Amino acid sequence: MYFPQNEGKEVKTPGFGVRSQKNSSQTWSIPENSVLIEDKTLVADVTLKSREDLKQLREKAKELVAARETGRTKVIVGMGTCGIAAGAREVMAAILEELNRRNVQATVTQTGCIGMCEKEPLVDVQRPGEKRITYGNVKPSDVPRIITGHVLHGHIVEDLVVARFEEI
Amino acid sequence: MQLVRAHVLVCGGTSCTSSGSKQVQEVFQKELEKHKLEQEVKIVETGCHGFCEMGPLVIIYPEGTFYVRVTPEDVPELVEEHLLKGRIVNRLLYKAPVTEEQIPTYKEIAFYRKQLRVALRNCGSINPENIQEYIARGGYEGLEKVLFEMSPEDVIAEVKRSGLRGRGGGGFPTGLKWEFCRRSPGDLKYLICNADEGDPGAFMDRSVLEGDPHSVIEGMTIAAYGIGCREGYIYVRAEYPLAIKRLKIAIAQAEELGLLGENILGSGFSFDLHIKEGAGAFVCGEETALMASIEGRRGMPRVRPPFPAQRGLWDKPSNINNVETYANVSVIILRGADWFAGMGTEKSKGTKVFALTGKINNTGLVEVPMGITLREIIFEIGGGIVGDKQFKGVQIGGPSGGCIPVELIDTPIDYESLIAAGAMMGSGGLVVMDETTCMVDLARFFLNFTQSESCGKCTPCREGTKRMLEILTRICEGKGVPEDIDTLERLGRVIKGTALCGLGNTAPNPVLSTLRYFRHEYEAHIMDKRCPAHACSALLVFTIDEEKCIGCGRCLKACPVGAISGAKKEPHKIDPEKCIKCGTCFEKCRQNAILRL
Amino acid sequence: MCECGCTQPAEDVQKERELETLFESWRGVKGSLIPILQGAQAIYGYLPREVLLQIARETGIPPSRVFGVATFYAQFHLSPRGRNIVRVCLGTACHVRGGARIFERVQQELEIGNNETTPDLRFTLETVACLGCCGLSPVIMVNDDTHGRLAPDKLKDILVNYQ
Numbered sequence: 001m002y003f004p005q006n007e008g009k010e011v012k013t014p015g016f017g018v019r020s021q022k023n024s025s026q027t028w029s030i031p032e033n034s035v036l037i038e039d040k041t042l043v044a045d046v047t048l049k050s051r052e053d054l055k056q057l058r059e060k061a062k063e064l065v066a067a068r069e070t071g072r073t074k075v076i077v078g079m080g081t082c083g084i085a086a087g088a089r090e091v092m093a094a095i096l097e098e099l100n101r102r103n104v105q106a107t108v109t110q111t112g113c114i115g116m117c118e119k120e121p122l123v124d125v126q127r128p129g130e131k132r133i134t135y136g137n138v139k140p141s142d143v144p145r146i147i148t149g150h151v152l153h154g155h156i157v158e159d160l161v162v163a164r165f166e167e168i
Numbered sequence: 001m002q003l004v005r006a007h008v009l010v011c012g013g014t015s016c017t018s019s020g021s022k023q024v025q026e027v028f029q030k031e032l033e034k035h036k037l038e039q040e041v042k043i044v045e046t047g048c049h050g051f052c053e054m055g056p057l058v059i060i061y062p063e064g065t066f067y068v069r070v071t072p073e074d075v076p077e078l079v080e081e082h083l084l085k086g087r088i089v090n091r092l093l094y095k096a097p098v099t100e101e102q103i104p105t106y107k108e109i110a111f112y113r114k115q116l117r118v119a120l121r122n123c124g125s126i127n128p129e130n131i132q133e134y135i136a137r138g139g140y141e142g143l144e145k146v147l148f149e150m151s152p153e154d155v156i157a158e159v160k161r162s163g164l165r166g167r168g169g170g171g172f173p174t175g176l177k178w179e180f181c182r183r184s185p186g187d188l189k190y191l192i193c194n195a196d197e198g199d200p201g202a203f204m205d206r207s208v209l210e211g212d213p214h215s216v217i218e219g220m221t222i223a224a225y226g227i228g229c230r231e232g233y234i235y236v237r238a239e240y241p242l243a244i245k246r247l248k249i250a251i252a253q254a255e256e257l258g259l260l261g262e263n264i265l266g267s268g269f270s271f272d273l274h275i276k277e278g279a280g281a282f283v284c285g286e287e288t289a290l291m292a293s294i295e296g297r298r299g300m301p302r303v304r305p306p307f308p309a310q311r312g313l314w315d316k317p318s319n320i321n322n323v324e325t326y327a328n329v330s331v332i333i334l335r336g337a338d339w340f341a342g343m344g345t346e347k348s349k350g351t352k353v354f355a356l357t358g359k360i361n362n363t364g365l366v367e368v369p370m371g372i373t374l375r376e377i378i379f380e381i382g383g384g385i386v387g388d389k390q391f392k393g394v395q396i397g398g399p400s401g402g403c404i405p406v407e408l409i410d411t412p413i414d415y416e417s418l419i420a421a422g423a424m425m426g427s428g429g430l431v432v433m434d435e436t437t438c439m440v441d442l443a444r445f446f447l448n449f450t451q452s453e454s455c456g457k458c459t460p461c462r463e464g465t466k467r468m469l470e471i472l473t474r475i476c477e478g479k480g481v482p483e484d485i486d487t488l489e490r491l492g493r494v495i496k497g498t499a500l501c502g503l504g505n506t507a508p509n510p511v512l513s514t515l516r517y518f519r520h521e522y523e524a525h526i527m528d529k530r531c532p533a534h535a536c537s538a539l540l541v542f543t544i545d546e547e548k549c550i551g552c553g554r555c556l557k558a559c560p561v562g563a564i565s566g567a568k569k570e571p572h573k574i575d576p577e578k579c580i581k582c583g584t585c586f587e588k589c590r591q592n593a594i595l596r597l
Numbered sequence: 001m002c003e004c005g006c007t008q009p010a011e012d013v014q015k016e017r018e019l020e021t022l023f024e025s026w027r028g029v030k031g032s033l034i035p036i037l038q039g040a041q042a043i044y045g046y047l048p049r050e051v052l053l054q055i056a057r058e059t060g061i062p063p064s065r066v067f068g069v070a071t072f073y074a075q076f077h078l079s080p081r082g083r084n085i086v087r088v089c090l091g092t093a094c095h096v097r098g099g100a101r102i103f104e105r106v107q108q109e110l111e112i113g114n115n116e117t118t119p120d121l122r123f124t125l126e127t128v129a130c131l132g133c134c135g136l137s138p139v140i141m142v143n144d145d146t147h148g149r150l151a152p153d154k155l156k157d158i159l160v161n162y163q
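For the protein sequence lines, the chains are C, Z and F, in the order given. Just so you know, we're using my numbering here: the first sequence kicks off at 1 and counts up by one. Just so you know, we're using my numbering here: the second sequence kicks off at 1 and counts up by one. Just so you know, we're using my numbering here: the third sequence kicks off at 1 and counts up by one.
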C-alpha cells in the first residue's frame, strides 16, 4: 500500500504556497518514539482482480475500522488548507509531543475540511466505544488539557467543544 | 515478581506537590500499613496530569477511579472505603462537567441543521490519505455496480434521470453532456476534471480534493465507463499544492489496488488518470482554454462549436466536468436517480456546496439542498452579520455572478431563480456584505480582477472591460459624470453579447447587477460626490465638530500630514487641502468630534 | 555555458544536471511544456532567458512559443525573485474586510509596489486573488506562513521576522 507519509521520521506536508514550487513543502519532525500510527496494517497489499475481491476488502476494511475504533483512542486533526492556515500543524505537533511525553497510546490521524472555517483548527477525539467529539479553535496551549482530560481520562473539555458525530 | 491488586497513583507534579500531594502520599503509606495492605497495594508517584486546578490528584487502578482535591484528611476514608470495602468515595470524584449526551450532535448545531451533505459526505470525517477508510464507508461500491450490473447506456440514462447539472457554474445537464460525447465518432476520447477553481472567495473544490479525493476519482471512472474514455486528466490549480499531493496519493493507492489502470476488477474496462498542474491563469477555468493549457499552450479559449464533445483535447472528443459534479456521481449510482431527484427543486436537483464568506459570523463551507433560500443560508446557517451591522446584500457566483439585495433575500437558490435575479450559481462563492461595503467599489473590484485575467484574445473583453474599469475607477474617485451610468450599461450589454468565452460573457455581471439594485449608490458617487458606505476614501470629507471638540490634541498628534491645527483646549480644525483622508483622526478621537461625511 | 569563460561554480553544474534529468523525464510526452517550465523554475527560482532558449532547443518548440507560454501564466517569473515572497490576498472576502488597506501598508513598509522586489532581494511583493482561507481574512502569506485576522498595525512586527 502506498503510504508516503512517514518516510523516515519526518512527515512532510506541503504548505499551500501559492505559485511557488520551490518553497511549497514544509517539514516538521515527529518526536522520537512517536505515537503517530498510520493504519498501514489494515488491509494487506493486494491487487483486486474481481468484484469479489473488492467486496471482501470492503468487509475487511469495515471490520478493521470498527475494531480499531473499539481498541484505541483516535485523535483526528483537521488538516485542510484552512486548518493548516489557522495553525493545525502547530496543534498536530503539540499533540504528538504531548502524547509522547505522557507515553499515551493513541492513533493520530488527519482529515479534510469539515466546513467550519471560523472554528479551525479543529481536533476530534474518539475514545473506544464512545462518540467522536469535535473541539474547535484549538491552540497548542489547549492540547495538554485535551490529552489529559479527554484522551486519558474521558473527561470532555467543555469550553472547547463544538459538537459530536452522530454515527461511529 | 510480586503481584499487587491495586495501584494508587498520586500526582507528584509541581502544582499538586505545592497543594499537598506529598502529605497525601505519606498518609496513604501510613494508612496502608495500618490496614496491612502495603503488600497488596502499591503507591506510585506520577508526573503532572495537567489538571492542576483540581490537584492533588489520586487515581486508583484497576478501576481507574479519578479523585480530585484530595487532602491528607480524606486519605483514611479512601483507604477504608475504596481499598478495603471496594466502595467509591463519591464526594471526591471528579465530576465531568459535561457528558456526551449533553453535547450537541453536528445535526443539532445551527451551522449544520439545514445542511445536507452529499458531495461533502466524507469531508472532515475520513482520512483522505487512506483509501481503506473510503472503501469502508462504501467507497467504490458505485463503480462496482456500474462495471458489473450496468451498461454504459444505463449509466448515462441514470445520470440523466437524476437531473444532475454541472456544478461549475453553467448548469448544463451532466447526463446529456456525457451522451453527446459518447455519441461522437472516434475510439479515443478524453475525460477531464476541471479543478481550476479560480474565483476569489471560492474553495469548494479544493476542500473536496483535500478531504475526499477518491470520490472524484470514482466519479470520473464511472463517467469514463459511461462515455467510453480510456484516459483522463484532472487539471488542478498550482495554487492548491495540498490538493495535488492528496490526489497523487489517492491515485497511486487506487492504481495499486487495481481500481484504476488496466482491466479494473477483471471487468475488461481500463482507465488511466493523470494530474495536470495549472500555472496560474483564471481563464483556464474555461473549458477550451483549459484544454489548450493541458496541451502545453497559452490557455486561451477558442470559438465553439465545435464543442469539446465533438473536438476537444488533442482534437479528440472530450468530456469536461468540475470536481463537485464528479463527486456526486457515485452516490447517484449507488442510491439511485430517484433518491437524488428527490432533493432540490423541479429543475435544479440535489445539493450545492457554497463557500460562505464576508461579513458573516460563521464563515465556512456549506452544502445545502437546492431551493433553500438565501435567508436560511445567511441567517440560520451563517449565524447572521458580524457585529450589529445592517445586512446589505450578497454577492453570489464570484466575478461572473451578481449581487442580490436584501429585498430579494427570500430568493430560492436554483439555477433559474438566480439568473432571473441577475446573478448566477457560478461555482459557489457567497460573499455577504453589510452597510460598510460600497457596491460601486465592489463592482470595480471584480472588474479589476476579470480585466487583469482577460486573456486578450477577443476585443470586447480585452478593450471593453478595460474601459468599464476606467469608468468605475473614475466614479470611485469622485470624477464620474452622469453619462457614465448609461455608458456602463451599454458597454456591459455589448460585452455580454459578443465576448468569445464565459469569462467575457459574464464579466459585466457584477456591474450590471449592482446598477440594477444599487443604482442610488452610483448616483450618490456621481451627483453628490459622496460614498454612502464611507468606503471610497477619495470621496470622504473629514471635519471637526467644534461643539464637541475639547482640544485634547490627540488627533493633532496622530495626523501623519499635519493637516490639523488648533491651540490646546480650543476646538481644532482640519485643513482640507492637506488632508489625505486616512481616517486616523476619526479613529483616535474620543469625543466623537470628528465627522466623516 | 558561462559567457565570461570562468570556471563554473559547482552549484551551476548541479542545476544543469537537474535540468538534464528534467528533460529526460518528459521526453516524448505530449503537452509537456508547462510541466518542464514548472520544473525549471523549481530549479532556478525563476526562468532565465538562457534556460528558456535551452528548453526550446530540447523540446523542438519554437522559442516564440516557449516565451509566449512563459509570459502568459502568472506562475512563471522571468526575473530573479526575493528570498521572501509576500503575498497579499485581495480576494473578495479579504476585500470586504479591508484587504486593500493591508496592501497599502505592506507597500509602504517594503517601499516596493506590486510584483516588485526589494533591491537587497529580501522581499518580493505579490497579490493573489484568493488564498482560500477566507475565514481568517484579511490574510497575507509570507513564504509558507499564513498570517490572518490582520490589522495594518500588525504588519511591521510580522515582516521583521523574515530576513
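One should not assume that every hint holds.
[Claimed, not checked] Sample of chain F residues facing chain Z (criterion: CB under 7 Å; computed from the structure):
no.: 1; residue: G28
no.: 2; residue: I43
no.: 3; residue: Y44
no.: 4; residue: F72
no.: 5; residue: G98
no.: 6; residue: T127
[Unchecked claim] Derived contacts from chain C toward chain Z, CB cut-off under 7 Å, selection only:
no.: 7; residue: L48
no.: 8; residue: S50
no.: 9; residue: G80
no.: 10; residue: N103
no.: 11; residue: V104
[To be verified] Sample of chain Z residues lacking proximity to chain C, with all beta carbon distances greater than 10 Å (derived):
no.: 12; residue: K22
no.: 13; residue: Q23
no.: 14; residue: G138
no.: 15; residue: G228
no.: 16; residue: Y240
no.: 17; residue: G364
Simulated from the structure, these hints should not be mistaken for laboratory data. Note that the structure is a prediction, hence the values are computed from the model and not measured. No residue lacks a Cβ here, since even glycine has one placed at the ideal position from N, Cα and C.
**Request:** With chain Z as the partner, please determine if F/I43 meets the hint condition of a C-beta pair closer than 7 Å.
**Result:** violated, 16 Å
**Message:** Does Z/G364 clear chain C by more than 10 Å, comparing its Cβ with all Cβ atoms of that chain?
**Reply:** Label violated. Min Cβ-Cβ 4 Å, cutoff 10 Å.
**Item:** Hinted contact F/Y44 with chain Z - closest CB pair below 7 Å
**Value:** violated, 16 Å
**Request:** Against chain Z, run the beta carbon of C/V104 and see if the smallest gap drops under 7 Å.
**Result:** violated, 11 Å
**Message:** Is the interface hint satisfied for F/F72? The criterion is a beta-carbon contact with chain Z at less than 7 Å.
**Reply:** Holds, because the Cβ-Cβ distance from F/F72 to chain Z comes to roughly 4 Å (cut-off 7 Å).
**Request:** Identify whether the interface hint at F/G98 stands, where standing means a beta carbon of chain Z within less than 7 Å of its own.
**Result:** violated, 10 Å
**Request:** Under 7 Å, Cβ to Cβ, is where F/G28 needs to be relative to chain Z, so tell me if that hint holds or is violated.
**Result:** Because about 13 Å separates F/G28 from the closest Cβ in chain Z, which is outside the 7 Å limit, the hint is violated.
**Item:** Non-interface claim for Z/G228, where every Cβ of chain C lies beyond 10 Å
**Value:** holds, 21 Å
**Supplied contact hint for F/T127, tested at 7 Å Cβ to chain Z** = violated, 10 Å
**Item:** chain C versus Z/Q23 - minimum CB to CB distance exceeding 10 Å, so not interface
**Value:** holds, 23 Å
**Request:** Return the status of the interface hint for C/N103: holds when the least beta-carbon distance to chain Z is below 7 Å, violated otherwise.
**Result:** Where the cut-off is 7 Å and the nearest Cβ of chain Z is about 10 Å from C/N103, the hint is violated.
**Item:** Closest C-beta approach of C/G80 to chain Z relative to 7 Å, hint status
**Value:** holds, 5 Å
Of the numbered hints stated above, those contradicted by the structure are hints 1, 2, 3, 5, 6, 10, 11, 14, 16 and 17, listed in ascending order.
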